[in-house]
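J.: Sequence:
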Amino acid sequence: MTHVGVVANPTAGRGRGARAGARAVELLRRSGHHVEDLSASDLESASARARHASVRGLDALVVVGGDGMVNLGANVVAETDLPLGIVAVGSGNDLARAIGLPRGDVEASVRAIEHGLAQGPRKIDAVSAGPPRHTTRTWYLGALSCGVDAAVNARANAMRWPGGSGRYVRALAAELRTFSPYGYRVTLDDVVWESAGCVVAVANSPWFGGGVKIAPDALLDDGLLDVVVAGPFTRGGVVRVFPGMYAGRHVRHPAVQVFRTRTALIEPVPMLGPAPPDAYADGERLGPSPLLAQVHPGAVQVLA
1 MTHVGVVANP
11 TAGRGRGARA
21 GARAVELLRR
31 SGHHVEDLSA
41 SDLESASARA
51 RHASVRGLDA
61 LVVVGGDGMV
71 NLGANVVAET
81 DLPLGIVAVG
91 SGNDLARAIG
101 LPRGDVEASV
111 RAIEHGLAQG
121 PRKIDAVSAG
131 PPRHTTRTWY
141 LGALSCGVDA
151 AVNARANAMR
161 WPGGSGRYVR
171 ALAAELRTFS
181 PYGYRVTLDD
191 VVWESAGCVV
201 AVANSPWFGG
211 GVKIAPDALL
221 DDGLLDVVVA
231 GPFTRGGVVR
241 VFPGMYAGRH
251 VRHPAVQVFR
261 TRTALIEPVP
271 MLGPAPPDAY
281 ADGERLGPSP
291 LLAQVHPGAV
301 QVLA
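Numbering (full-length UniProt numbering), first residue to last: 1 to 304.
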């Protein structure tokens with residue numbers, strides 16, 4: 001009998017997470033699995049319960065919610081043999097979109113999990129990130145935001161309305177009132193980019209922010225990061241470029257560059273501008289720069 005742990009975020013999708021979690025548990029039990037509900041009232045407690053259960057012995061960990069829950073799952077299963085199942089019922093669901101999983105459909109998500117259990121999981125890359133002089137690392141699967149995109153993420157997280165990408169747009173409008181380009185040094189495998197700038201995103205997958213296609217050509221299983229950097233746009237320049245980001249058209253702008261690399265070190269350069277805001281990974285706060293990101297090929301196994 002397969003032993004499956006399920007962690008649901010009760011606040012995901014404006015309350016859909018709790019209902020979706022109960023439904024996922026019901027469907028998995030109906031299919032004959034031994035299901036352990038590991039949900040908790042907060043993400044920290046849920047993470048601890050998932051880690052303890054994985055040590056005791058699970059055959060799969062299933063997360064129910066948005067990108068934050070996928071991030072929680074990735075931090076439990078990365079570089080282990082424990083596969084990750086995803087029931088995407090959050091507001092953005094960028095990682096489910098990138099992996100090609102159902103969104104907002106519990107039954108279809110459970111069918112995908114069942115298929116992965118029967119046929120074997122799909123290996124995708126994961127990224128470790130953290131201060132360069134510390135051994136502690138946080139894992140992410142989507143994108144690390146280190147510019148105005150991170151400031152917008154922080155503001156959007158504090159908003160209740162609207163849902164999905166609309167909240168990101170509203171947060172951008174508010175953030176631009178006080179925006180000034182930041183000072184960066186970004187050291188990659190083969191090049192150093194040093195400039196005032198507004199965006200530095202270290203992407204493992206194409207989307208973030210509820211459908212913003214920040215790195216159009218990023219692949220989850222190529223062993224490389226797509227690092228998107230944008231020079232010192234004015235506030236008006238950001239407004240003009242932003243709408244095209246949903247289709248990935250921003251990469252055509254002469255002030256935007258995309259680099260491929262295995263590692264990325266992001267450091268503040270005070271002479272070029274104010275320090276970048278705290279970075280966010282998969283929509284979750286990571287912390288201030290300097291930060292080192294490194295891709296780990298095939299480090300997470302997804303039931304897909």
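No lab work stands behind these hints, which were simulated from the structure alone. Hints may contain errors.
Below, in silico cross-link-like pairs of lysine to any residue (SDA-like), each with a Cα-Cα straight-line distance of 25 Å or less [said to hold, decoys possible]:
id, residue 1, residue 2
1, K123, G236
2, K123, G104
3, K123, Q257
4, K123, V269
5, K123, D59
6, K123, R133
7, K123, E107
8, K123, R177
9, K123, D278
10, K123, P290
11, K123, S47
Source: prediction; values computed, not measured.
J.: Going through the numbered hints above, which ones does this structure break? Give me the numbers in ascending order.
T.: Violated hints (numbers, rising): 1, 3, 4, 6, 8, 9 and 10; every other hint is consistent with the structure.
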